[in-house]
Amino acid sequence: MKKLSARRRHPLAAVVVLLLALAATGGLYAAFAPADKAQAEETAQSLAIDEGKKLYAVGCASCHGTGGQGSPDGPSLVGVGAAAVDFQVATGRMPAQQPGAQVPKKKNIYNNDQIKQLAAYVASLGAGPVVPTDNQYNPEGADIGKGGELFRSNCAQCHNFTGEGGALTHGKYAPSLEGVSPKHIYEAMQTGPQNMPSFPDTTMPEKEKKDIIAYLDAVNGEKTASQGGLKLGGLGPVSEGLFAWIFGLGALIAVAVWVAARTAKAKKS
Amino acid sequence: MSTTTENKKAPAGERVADWADGRLGIYSLAKANMRKIFPDHWSFMLGEICLYSFIIIILTGVYLTLFFHPSMNEVEYAGPYVPLQGQLMSEAFNSTMHISFEVRGGLLIRQIHHWAALIFVAAMLVHMMRVFFTGAFRKPREVNWLFGFLLLVLGMFTGFTGYSLPDDLLSGTGVRFMQGAVLSVPVVGTYLSMFLFGGEFPGGDFVARFYSVHILLLPGIMMGLLVAHLILVFYHKHTQFAGPGKTNKNVVGMPLLPVYMAKAGGFFFLVFGVIAVVSAIASINPIWAIGPYRPDQVSTGAQPDWYMGFSEGLIRVMPGWEVNAWGHTLVLGVFVPLMIFPLVLAAIAVYPFIESWVTGDKREHHILDRPRNAPTRTAFGVAWLTWYFVLLVGGGNDLWATHFHLSINSITWFVRIAFFVGPIIAFVVTKRICLGLQRRDKDKVLHGRESGIIKRLPHGEFVEVHEPLSQEQLHTLTAHDQYKPLELGPEVDENGVARKVSRSQKLRAKLSKGYYGGDNQIPKPTADEYKEITSGHGHH
Amino acid sequence: MSSQDIPEENLPSEQDAAGHTLVKGADDPFADPGMPPHEHRIQDIDEKAARRSERSVALLFTISMLATIGFIASYVAFPVDKIVYIWPIGHISALNFALGVTLGIALFCIGAGAVHWARTLMSDVEIADERHAISAEPEVKAKVMADFAAGAEESGFGRRKLIRNTMFGAMALVPLSGVILLRDLGPLPEDKLRHTRWSKGKMLVNMNTHEPLRPSDVSVGSLTFVMPEGMTEHDHDFQTEIAKAALMIVRIQPDDIKDKRELEWSHEGIVAYSKICTHVGCPISLYEQQTHHVLCPCHQSTFDLSDGARVIFGPAGHALPQLRIGVNEEGYLEALGDFEEPVGPAFWERG
Chain A
1 MKKLSARRRH PLAAVVVLLL ALAATGGLYA AFAPADKAQA EETAQSLAID EGKKLYAVGC
61 ASCHGTGGQG SPDGPSLVGV GAAAVDFQVA TGRMPAQQPG AQVPKKKNIY NNDQIKQLAA
121 YVASLGAGPV VPTDNQYNPE GADIGKGGEL FRSNCAQCHN FTGEGGALTH GKYAPSLEGV
181 SPKHIYEAMQ TGPQNMPSFP DTTMPEKEKK DIIAYLDAVN GEKTASQGGL KLGGLGPVSE
241 GLFAWIFGLG ALIAVAVWVA ARTAKAKKS
Chain B
1 MSTTTENKKA PAGERVADWA DGRLGIYSLA KANMRKIFPD HWSFMLGEIC LYSFIIIILT
61 GVYLTLFFHP SMNEVEYAGP YVPLQGQLMS EAFNSTMHIS FEVRGGLLIR QIHHWAALIF
121 VAAMLVHMMR VFFTGAFRKP REVNWLFGFL LLVLGMFTGF TGYSLPDDLL SGTGVRFMQG
181 AVLSVPVVGT YLSMFLFGGE FPGGDFVARF YSVHILLLPG IMMGLLVAHL ILVFYHKHTQ
241 FAGPGKTNKN VVGMPLLPVY MAKAGGFFFL VFGVIAVVSA IASINPIWAI GPYRPDQVST
301 GAQPDWYMGF SEGLIRVMPG WEVNAWGHTL VLGVFVPLMI FPLVLAAIAV YPFIESWVTG
361 DKREHHILDR PRNAPTRTAF GVAWLTWYFV LLVGGGNDLW ATHFHLSINS ITWFVRIAFF
421 VGPIIAFVVT KRICLGLQRR DKDKVLHGRE SGIIKRLPHG EFVEVHEPLS QEQLHTLTAH
481 DQYKPLELGP EVDENGVARK VSRSQKLRAK LSKGYYGGDN QIPKPTADEY KEITSGHGHH
Chain C
1 MSSQDIPEEN LPSEQDAAGH TLVKGADDPF ADPGMPPHEH RIQDIDEKAA RRSERSVALL
61 FTISMLATIG FIASYVAFPV DKIVYIWPIG HISALNFALG VTLGIALFCI GAGAVHWART
121 LMSDVEIADE RHAISAEPEV KAKVMADFAA GAEESGFGRR KLIRNTMFGA MALVPLSGVI
181 LLRDLGPLPE DKLRHTRWSK GKMLVNMNTH EPLRPSDVSV GSLTFVMPEG MTEHDHDFQT
241 EIAKAALMIV RIQPDDIKDK RELEWSHEGI VAYSKICTHV GCPISLYEQQ THHVLCPCHQ
301 STFDLSDGAR VIFGPAGHAL PQLRIGVNEE GYLEALGDFE EPVGPAFWER G
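Protein chains in written order, with UniProt numbering: chain A, 1 to 269; chain B, 1 to 540; chain C, 1 to 351.
It cannot be assumed that every hint is accurate.
Restricting the straight-line Cα-Cα distance to at most 20 angstroms, the calculated cross-link-like pairs of lysine to aspartate or glutamate (EDC-like) are [said to hold, decoys possible]: (1) Lys524(B) - Asp441(B); (2) Lys237(B) - Asp259(C); (3) Lys31(B) - Glu211(C); (4) Lys444(B) - Glu472(B); (5) Lys36(B) - Glu130(C); (6) Lys82(C) - Glu102(B); (7) Lys207(A) - Glu130(C); (8) Lys265(A) - Asp124(C); (9) Lys107(A) - Glu140(A).
Keep in mind that the hints were calculated from the coordinates and are not lab data.
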């Protein structure tokens with residue numbers, strides 16, 4: 001204890017205390033932050049049911065109404081089509097966990113067959129876009145350059161140059177497109193999930209959707225190179241500025257401290 | 001040198017020096033400067049970071065001009081970067097792509113140029129804050145303060161024009177914003193815009209025009225100011241912190257030759273080395289990912305480089321006021337931020353003159369203040385920084401929203417309120433902290449340093465042992481000046497005649513009281529106080 | 001380098017404190033004690049330590065030389081388009097990384113060597129240098145004032161007012177030539193900002209497909225960008241024209257449209273609004289299809305497209321201009337005229 005009390009006068013003591021305080025704050029935040037993981041259980045029992053309507057009655061009807069007619073808590077599903085169901089359920093957005101500005105992407109709790117059954121049921125309520133087939137969204141042979149132009153015209157305003165996502169009003173946001181499968185991107189463009197506008201084939205034909213998917217894969221895929229080095233989130237000048245301050249100027253000031261510091265003096269031991 | 005054969009002649013180096021002296025008088029120059037003393041402190045090297053990053057920017061900038069085409073002629077991209085092939089773009093963008101993808105090392109030089117620019121402005125701001133908080137701007141250095149301030153402002157605009165040159169979608173959006181702001185100027189806005197862009201936006205001229213401004217006009221002025229700035233640093237000799245043997249009449253440190261030649265010269269290479277490594281590992285302004293500019297396209301997260309961020313904040317949080325009357329429009333929603341932008345900068349620039357007016361101090365100051373010993377100045381500085389930072393938050397409100405899961409509207413409202421409230425809170429809090437630190441210094445002087453050792457006295461009382469300070473420490477902690485508040489004197493003189501006190505004098509007295517009166521500074525311990533305490537029964 | 005291994009006899013004896021007993025203010029405990037005595041560094045007293053420092057400095061300079069050779073080798077060896085994976089940075093250009101790191105090391109080591117040399121081997125005795133007052137002595141000032149007065153007197157500047165005044169006049173006027181020369185920087189504004197390429201009968205051409213649009217192509221909740229027929233990206237004035245003509249098309253259930261004029265100017269709920277923000281001109285198109293709000297990504301102005309595109313948040317001062325549209329004989333959407341008000345940022349003459 002004597003050592004400790006003597007050391008509290010150490011010039012670095014304040015730094016240590018600050019770090020401890022920061023760690024404690026972070027820990028508290030983690031403890032009180034809303035847990036994301038508990039969502040799956042509630043609907044776990046529905047896993048046993050493997051027929052679309054029954055699945056619907058359990059997982060969806062409370063918000064969308066027993067016949068898909070909609071309610072104050074959820075929009076009507078008449079005419080949204082199988083593509084919308086496939087997108088919403090396979091990306092885990094539906095069933096929604098709680099009301100809020102926007103329903104986030106999360107772990108999908110249905111298997112492929114169940115999604116198909118749900119989609120078939122919802123499609124039977126009214127005609128809508130069908131689930132696209134592989135040759136509709138497979139970007140092979142598409143025009144990446146044209147896709148880039150289309151992306152900057154139609155998508156970048158919300159999703160950022162390379163699909164990193166961005167903010168919308170009142171807590172809504174355009175999600176990052178990193179790692180989203182071509183099928184889901186195609187479905188999103190076609191159906192316009194949540195607040196995203198749709199880009200139907202009548203205004204953006206299938207080929208152009210492919211171009212966009214190909215562009216995204218080229219600029220934000222797994223193998224995309226960032227020639228200059230760290231991508232810094234692909235967010236532009238804000239993250240660059242932070243990096244320049246912290247690592248650029250920070251390193252230079254550390255060097256300056258070394259340059260100006262007194263060299264160790266010889267001491268009698 | 002090769003003087004072995006001709007012993008009678010002076011060494012070659014000396015002969016060259018003689019030659020130069022006969023024509024340039026270098027010996028007299030060297031006599032005054034060769035062993036010039038510079039004090040050692042890391043914060044005195046911040047200015048060097050600015051100087052060296054400026055040199056790096058010029059070196060790399062010259063290289064870039066060898067390849068860059070400042071033209072807005074449309075071309076179709078046919079280079080190696082697949083996602084842009086076949087796209088229409090200006091020659092400016094195309095040549096920047098060429099530099100980045102086809103010129104070996106071109107990308108590195110581009111990144112060094114841009115990183116150095118960000119660091120340059122950041123270092124200037126930090127350097128300016130160092131000068132501000134230590135009171136180094138006081139007489140005789142006010143002019144140099146202004147030179148430095150101008151360098152900061154010009155650096156920001158040089159950066160902005162440079163950022164706009166590649167004609168990419170991000171910078172084009174920034175230029176569009178500037179054009180919109182110019183349009184908002186009452187009466188002459190549309191004319192200014194037409195003249196600046198050679199017609200309607202974007203036209204085909206602005207890259208070439210910005211180019212000559214960016215590589216010639218602004219850097220030329222900056223170079224001149226920089227030389228003047230350095231000459232004045234040499235002429236005034238560097239300031240120093242108070243300490244044993246350091247007085248207002250001397251400067252204590254190491255000589256230019258050899259120590260500072262090696263340290264400052266070496267520091268240039270250190271700065272260059274660090275920036276080169278940063279440019280090797282971190283990408284900056286990847287224009288290929290951003291795409292060429294088109295006025296009908298945009299990306300979310302459209303921000304300027306950080307040093308323009310506070311102006312972005314101003315424009316983002318301003319309510320959309322617009323007055324329409326008599327067939328004219330006053331675009332307050334844009335014009336007000338455009339006017340506050342220089343005011344934010346001017347607020348810090350004029351501060352030294354206000355302070356010297358309040359104190360009325362005409363002496364030269366070469367000993368730096370510790371920030372705590374000038375509480376009002378320090379509080380003002382922190383308030384200004386808070387203001388600046390609040391606006392930066394406003395400038396990045398969309399990224400705050402996405403990264404901290406907040407509503408962009410709430411952040412905007414927070415910034416609107418914090419713009420007014422934040423600096424005031426910061427001012428009050430900082431002043432309290434400074435006064436607390438002054439009290440602590442006073443206790444330290446009078447009672448010694450708390451050693452953390454607890455001693456039990458014979459009668460059972462526990463006390464902490466205080467070690468007395470050395471005379472060096474005592475001197476350092478009491479070396480600062482303390483002003484007395486300005487007294488206006490009685491309003492009526494001894495003959496009963498009312499004395500006229502001008503309004504400015506009254507204001508000055510009021511400010512002076514706010515600076516130095518009452519509780520606004522802790523009187524430093526006097527020798528008598530010290531003796532009274534130390535001569536007693538020994539201190540704990 | 002710890003101090004433990006230094007032989008005792010090499011340590012400085014209790015310092016030659018000569019000259020450091022300055023004004024030891026007998027009655028002022030806070031008096032300046034003067035510069036503290038110089039303490040030696042390890043390198044000052046231990047030749048072995050000094051030689052170690054020398055070797056470190058030389059090593060740093062040598063590393064720098066090697067790094068420069070590495071720089072040249074990288075320049076030659078790596079193709080400009082080679083991508084490598086480097087943990088934890090990611091897939092990056094091999095050449096950029098190699099050149100940057102070698103250049104950085106080459107430079108940094110020169111600096112580190114020089115600084116280490118200065119810190120450990122050059123003298124670290126602190127020297128005090130006198131300062132002198134900046135202002136001139138009174139005699140100097142008197143001399144300068146007298147010289148100036150003499151010069152002014154000899155020039156007759158004060159006496160010959162005619163010369164002085166005409167000179168001021170000439171000097172004041174001559175910069176005007178420079179200002180005049182700036183006139184041709186650009187044309188006068190006239191009414192350029194009031195017109196766009198839209199006019200009556202021009203079809204709305206989808207910017208994705210470059211085909212004219214039929215009302216049936218535009219579904220509720222979709223977002224489409226169009227330009228006037230007859231324009232292509234290859235036009236030399238495309239950039240300048242699209243900066244004003246850019247248009248966004250959305251379809252809203254007619255019942256949901258709150259503004260009467262908006263409904264009148266629409267075609268079966270298909271509304272056409274300028275894509276150029278009325279704040280400072282960013283292309284505004286962050287359309288939320290459920291709320292019908294559009295947000296500007298630059299400064300967050302928010303407009304309600306179901307209510308005449310009025311401003312509901314942010315710094316924009318007025319609603320987005322709407323383009324009146326209809327359908328032509330072949331069933332394609334067409335403009336029924338130009339915008340009724342100037343698009344884009346407001347300006348003084350806008351009114």
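Here's how the hints hold up against the structure:
| no. | hint | in the structure |
| --- | --- | --- |
| 1 | Lys524(B) - Asp441(B) | 9 angstroms, holds |
| 2 | Lys237(B) - Asp259(C) | 70 angstroms, violated |
| 3 | Lys31(B) - Glu211(C) | 80 angstroms, violated |
| 4 | Lys444(B) - Glu472(B) | 13 angstroms, holds |
| 5 | Lys36(B) - Glu130(C) | 10 angstroms, holds |
| 6 | Lys82(C) - Glu102(B) | 11 angstroms, holds |
| 7 | Lys207(A) - Glu130(C) | 80 angstroms, violated |
| 8 | Lys265(A) - Asp124(C) | 10 angstroms, holds |
| 9 | Lys107(A) - Glu140(A) | 28 angstroms, violated |
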